[in-house]
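Visitor: Residue-level listing of the chains:
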Amino acid sequence: AQSVTQLGSHVSVSEGALVLLRCNYSSSVPPYLFWYVQYPNQGLQLLLKYTSAATLVKGINGFEAEFKKSETSFHLTKPSAHMSDAAEYFCAVSTGFQKLVFGTGTRLLVSP
Amino acid sequence: NAGVMQNPRHLVRRRGQEARLRCSPMKGHSHVYWYRQLPEEGLKFMVYLQKENIIDESGMPKERFSAEFPKEGPSILRIQQVVRGDSAAYFCASSPGTNNNEQFFGPGTRLTVL
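Quick note, the sequences are listed as chains A and B, same order.
With the first letter of the first sequence counted as 1, position 63 gets the number 63 in our numbering; the numbers rise by one all the way through.
With the first letter of the second sequence counted as 1, position 4 gets the number 4 in our numbering; the numbers rise by one all the way through.
Hints are computed from structural coordinates only; laboratory data are not their basis.
We put the CB at the ideal spot given by N, CA and C, even for glycine.
Be aware that a few hints might be false.
Stated by the list, open to error - To give an idea of the chain A side of the interface with chain B (calculated C-beta under 8 Å), a few residues:
| no. | residue |
| --- | --- |
| 1 | Y32 |
| 2 | P40 |
| 3 | L44 |
When you get a sec, could you build the whole thing from the sequences and use the hints?
Guide: Printed below as a string of structure tokens:
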């Protein structure tokens, strides 16, 4: 069975500061890993995905994540936060044609 | 290429009524997933369907909930005799069935049970 742990339900940063959202996973088989973003009252938009190719994955809006098997982590980063990045971020894991298992989410707050 | 469509976007029901949520997957996608998001929580898997088949319903409550994905038409999530605890956002996702399982999400249906 797969599971995802997102440390920190809320993360606050200043505009222009580094964004780091943490995600650790558990999977008995090689996983596929995803980061989604959700804006208020909207659906989920895929930011990036890891599918066993390059361990450093670049996504949309300047986000990237690094798959570290030894640490079972897939942390999301962005060098410089923008006000428009304020949203809820979800890490998810799956194996093949299966359901996505989501973490509980991290709300990113960006202050001017 | 239109994205995943869900309707209605908002649905209000009184306790004991039926709620019917519709999901039209992206063109060419034959895999549909339903998830539920309770207030201030993450998404929880409910059911995974392919055309005319339920593949995995391990996340569906045993009673009152059912889902279908007919040969023609949208996927339907049906909740009978709704209770206040069913109030949530219900998201549908579709996938083309490639091995990496990238899922594309609809905007969701927000169900409020009075």
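Visitor: Does each hint fit the structure? Answer for all of them.
Guide: Checked hints:
1. Y32: Constraint on Y32/A satisfied, holds at 5 Å.
2. P40: Hint violated; P40/A Cβ to chain B Cβ min 11 Å, cut 8 Å.
3. L44: holds, 4 Å
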